[in-house]
Structure formats: structure tokens, C-alpha cells
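S.K.: Spelled out from the first residue to the last, the chains are:
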Amino acid sequence: MQRHLISAADLTRDDAVLILDTAEEMARVADRPIKKLPTLRGRTIVNLFFEDSTRTRISFEAAEKRLSADVINFTAKGSSVSKGESLKDTAQTLEAMGVDAVVIRHGASGAPYRLANSGWIDAAVINAGDGTHQHPTQALLDAFTVRRRLLGRDAGLGQDLSGKRITIVGDVLHSRVARSNVDLLHTLGAEVTLVAPPTLVPVGVDTWPCTVSYDLDSALPKSDAVMMLRVQRERMNAAFFPTEREYSRRYGLDGDRMARLPEHAIVMHPGPMVRGMEITAEVADSDRCTAVEQVANGVSIRMAVLYLLLGGNEPAQTRTEEK
Amino acid sequence: MSKILIRGAKVLGGEPQDVLIDGETIAEVGAGLSAEGAEVVEAGGKVLLPGLVDLHTHLREPGREDSETVLTGTRAAASGGYTAVFAMANTFPVADTAGVVEQVWRLGREHGYCDVQPIGAVTVGLEGRKLAELGAMHESAAGVTVFSDDGKCVDDAVIMRRALEYVKAFGGVVAQHAQEPRLTEGAQMNEGVVSAELGLGGWPAVAEESVIARDVLLADHVGSRVHICHLSTAGSVEIVRWAKARGIQVTAEVTPHHLLLTDELVRTYNPVYKVNPPLRTERDVLTLREALADGTIDIVATDHAPHPHEDKDCEWAAAAMGMVGLETALSVVQETMVDTGLLDWAGVADRMSFKPAQIGQATGHGRPVSAGEPANLTLVDTAYRGRVDPAGFASRSRNTPYEGRELPGRVTHTWLRGKATLVDGKLT
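Same order as they appear, the protein sequences are chains A and B.
Residue numbering for the first sequence is 13 to 335, as defined by this note's numbering.
Residue numbering for the second sequence is 25 to 452, as defined by this note's numbering.
These aren't lab readings, by the way, just hints derived from the structure by calculation.
A couple of the hints might just be wrong.
[As the list claims (entries may be wrong)] Sample of chain A residues lacking proximity to chain B, with all beta carbon distances greater than 10 Å (derived):
1) ARG15
2) ASP64
3) ILE84
4) HIS198
5) PRO254
6) ALA271
7) MET289
[As the list claims (entries may be wrong)] Quick list of simulated restraints, FRET-style, between CB atoms:
8) A:TYR226 to B:GLU288: 26 to 34 Å
9) B:ASP368 to A:ASP64: 58 to 66 Å
10) B:ARG291 to A:GLU305: 29 to 37 Å
11) A:GLU97 to B:GLU288: 27 to 35 Å
12) A:GLN14 to B:LEU366: 37 to 45 Å
Ideal placement from N, C-alpha and C gives every residue a C-beta, glycine not left out.
Generate the whole structure from the sequences, applying the supplied hints.
M.R.: Following this line, the structure appears as C-alpha cells:
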């Protein structure tokens, strides 16, 4: 494992499988009456959030607290950042207070990379989403969810996702979730298909390790998992597609479309969902939809990442408790 | 008046000769000239070029003296072998009136390191809506002949047409920063494979090419000449080549950085590589070199764009666009054009002195190295190789993409009308 987690593309297959296996161990902590491990006792982690993101921040915070770390939450609003302080000064100020790791969410692509590589600070840097670049823990929790559902909790241990067909649908152009997932799922041996209107696929996508389709209906029967991305309503005003309704008709997942999926296939969503836009309530509330599970898995994955980056390089010592 | 004998210099890269400067002019060029009464500079096989002329410099004064002033910028120019620079209009206040251009022109004169020829804004406040008083700027002491909204594109077709037509009355030229604004909203880097991966907003080649295509057609239609600033894509080269073949009066410049660097460098997210137009692909770089060699691109211009440290020591999206270039331009041109065999030193003199002086009508600059001509000269140690160290820059800013990179060539002497501005690599 490296010292930082900036991009899903930086992970080898073995790194990724180790994180997923460690996350399974961490998940067992959640089943205990006392959901806490002493691993990061005395370590301080700052959640440095320059962009609003309640769910990712809370997920990291829960993971940090379950590992007994001291947690500092820093949000840009109302802070010195809103008064014009630079990223460098903010990071150095926090480090001066003695933090061991920085979990950063930033609107600018590459901000976590800069933080990790500019010599500004020494702390480990974990990317919690940067601009339209990467969101590696999201990809890891998605891979974790796929492995659990398709291979099984115990049967999946040590396994990658070889041969699994995963379709990612929606606004690929503006999505760090899509970029991270393409990288990680490919590393884990899965076959990835992106489905989007051509306006929402980046120029240059042809070098990505995946296939691109504009037709959702033909992709669905060949999918073991379909991941729906949120489409922001403001995209409509920038002529990426004509109307919300047309988008829903062509790229939204409703009950009829879900029926085209193989029986075992799951429907995923990183949230927050825009019901009625990319996904109907019928699909969102069906037991094939893993959106809520993904949130729970996110805590386990973030525990695993923090544990491996800060705590040690071996899987957590709860393996003996396997049933 | 003082005499200087430059002994054994390869004039434009030819056989070693002696050049005698008497006062402000070149008195004699030949073999075995007498050194009597003259200070002798042993050239020892260095290459002697006419003083370089930069058609595209940002001196930042007035308004952003924290990044550069006319003094520091012209000292940087002299260090890089330049004897004339054209100062872009995007200052604060904008150089859109006779008053501002005269101020910049006068500061250049007073400091005496390098002639400063102000460029006037095409439109008031660079806003693209209303023509600035182009005639007044031309008639001012600064004698402006080049007009540009550089930094911004004159994107309104009617305003561009009118500007092209209007400056014909006094032989001016409009230099266009070709960037279709709608296609480049939020643009952070070249749009392509790398931007797709990095998740940075794309600046597509077509946003440059479509404006160049429109402007050469407009220039043709109204019978005016147009100059294209910092041409950066292979497609733009094709359009300019087509236009020249049709007899359209178009000239074009390329920056040193677009001759050397590619968008792969953006993977470091280091804003020192952030520039507008952005670094393009390897294919573009190679096409630009060929086009400069075959004359489709007329000149090299630095687009020297100083920025204070804090504007580059930050995340990519927050960083300013631009690179300093005056002190490394000739080295980059040697690396990419001369050492590759694409251009000889006479060709370099043409692309970096004769032609830019001609396009900008810089009187007394870009002249042959021969008797009776103004002694605007630069002496280059072409055998030198060394690493770029920004700490040694004369510019007030250090935002160079070449820090630590080994480059060939070093300017050792510069003379402005017979007066040395740089001696043995040191400013006078």
C-alpha cells in the first residue's frame, strides 16, 4: 500500500483485494455490541471538506471513530477559506495542530494530489472526492458491494471481480465516481460498459479500459450490475440533453428496464438519488437496489483504508472470528 | 563615441567574422578588423544574431507590479537577448488609451534595457464591445501599430471585422487571441485523453481553429492583415497554410513552450504547466515545429506571462494561466528547432528578429548584421548546456516550466543601439 490514497488507478489488484478483505473484517465490528477497535487510538484525522457532502463526511467520521481516532471536522463554509485563505495555508495550519491524516474533499480536480505531492504537509492524504477526477473510496465500496452480492460475503474473500459485467449509466463526463470505478473495476478484472448520451461522455474516453454505448436497453441484459449515476438538473440548461423527461426515457432505469436485467443482477446508486430522473421509486425501493447497503459498506471500506494507511499492513486481527 | 570590436563571431551562424560597432551603429563587418580604439569582445565562435524582437510580452505595469514591471521585464528581455518587446495591453488600467500606452512606452525609454513598443487594446477594457481609440494610440508618442485584446478573444465577428478594416487607415495590424469563449467555459487544459482522465475542463482545439478560420476569411473579405497570437494546434497550422496559399495576409506566432511541452505534464497537477492556450499533444508540438521551419508560422513570440508565487502555489483550478519566457526562449528554440536540424541560425534570426520586427513595424530592429545598421545585437554561446535555475532570473516572477531542465544555449551579450545591456551574462 502507498502512503496516500489519491486515485483508484494507483491501486494494484492485490492492494484492492486486500482493502476489500480488510473491509469484510471491519464490517464484523459493526455487528458487535461495541462497534469500536482501538487501532487508531491517539491518532488525529482531519476531515477537510471544501465541498458540501454530508454523507461522505459522516461515513468517514463514523469509520474514524470506530477505529478510535481523534476526529477534527473542517468545513470551508464560515472558515478562513471563505476569507481567501489558500489550500496550502489551511493544510499547514491544520498540520501544525498535529494531524496524522487528512481526508480531503475539494471541488478542484487534483487538489488532493497537490496536497500529497507539493511538500506542503507530511500527513497521509486520502481523497474523499476531487472535482470531476476521482473518488477512490466510493469505487472501493462499490466493488465491495458487487463482490458481496455476486460472490458472497465469505466466498468473496481473496477474490477479485474477474468476468463480472458492470454497466455504469449517466453523467460520465462530470463524474468522479465513474472515473474511479472504471479504473478500479478494470483492475479487479471486471468488464465495464459506460452508457450515456454522447454529450455526457468525455472526449478522449476511447483510451479508457471500458466500452461505451449510447443504448441502455441493449446493455442491460449483459449486465451483472448496473450502476446509476446522479444527473444534475442544471446540466439540462447547458444543452447536454433536451429535457429531463427525454433523459429519463432514454437513460433512466424504471421497472420495465430493470426486468431486462439478468435475475441475479443488482442495481447500484452512489446517492443521492434523484428519483424520477435517473431512477424510478419502484427501482430505488426494490430489493435489487443496493443504495442503502452501499452506505453501510462505505463505513467498512473507509475503516479498512484508514487502517491500512495508518495502522498497519496486515488484515485486521478479527479474522479468527470468522464463522 | 565608443567603439566595440566583436571578434570572431559567427554572424547568423556563418563563418567567424569581426563586427565593429561605432556609437549606435555597426561600422564594419569583415575579417581581421582593426581593434584600434575599440573595446574588444572575444566571441570565440559564439553566434551573433540581430537583437531579438518579441511581439508578445506581458510587462504587467501598470497594475500588477508585484509580478513584473517595465524595468524588471526589460531586464529579463535583455538577459534573453531581446532588444525590443511588444507589451500586451491587458494591464490595469487596460492600455486602451493614448495615455496608458505613452506611459508604458516612456518607462521603456527611461530604463533603457530594451525598447518597449506598447500594443493597444482593440476594444475598451478588453470587453469586446466597443472599439478603443485605435487612431489616438497610433498617433501618440508610442506610435502603436499592433492592437490586441490578448488574454481575451475579439469574439464578436462584427467588432473584429471593423477593427481589421479600421487599422488599415494607418497600416496597423490586429493580433487575435483565438479562443471561442463559449467552447472554453471553465476550460483548464487541452481537451483530450489527458483531460478525460484528470477530470479537468477541456479547452478543445476547435475553439482556436474556428476563430482562426473565421478571421482569415474576414481578413480576406476586407483586404486587411491579421496576426494570430500563440497558435497551438496542428489544425490551426492547416488553416493558416490554406489562407497563405490563397494570398490572405495572415501571419502567425508560436510560443517556445508550445514547441516543447505537452499536456502529459498536466498529470502532475502542477500549475506551472497551466497556460492559455493550453499545452497540447505531441502531434501538435511536432506539427508546430515543422510549420515554423517551413514558414507557415512566421515567428516565435514568448507570451512571457509573469505571475506571483502564490498564484501558482495552489491547486490547479485556482492557479493563474501563463509562464515566463523571455529568459529561456532562445534556448528552447535551439533545443527544438536548431539542434533538431529544422532551422539554422539564419532561420532563427528570421523567426525571432527580422519577421517579428516587420510584423510589428519596430523601426531599427530586425535589421541585417551589416555596416550602417543599428547596433542591436545579441551574442549566443550555442555550445553551452545547463540547467534552468529560476533563482537567477531577472524577471520578478519565477513561474517557469523549465526549472531544473537542461537546455542548450546561453545569451552572453546584448547590445541596444551600441550600448551593452548584457555583458558576460550579467546585466549592466
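S.K.: Any hints from earlier that this structure breaks? Give me their numbers in increasing order, please.
M.R.: Violated hints: none at all, because every hint is consistent with the structure.
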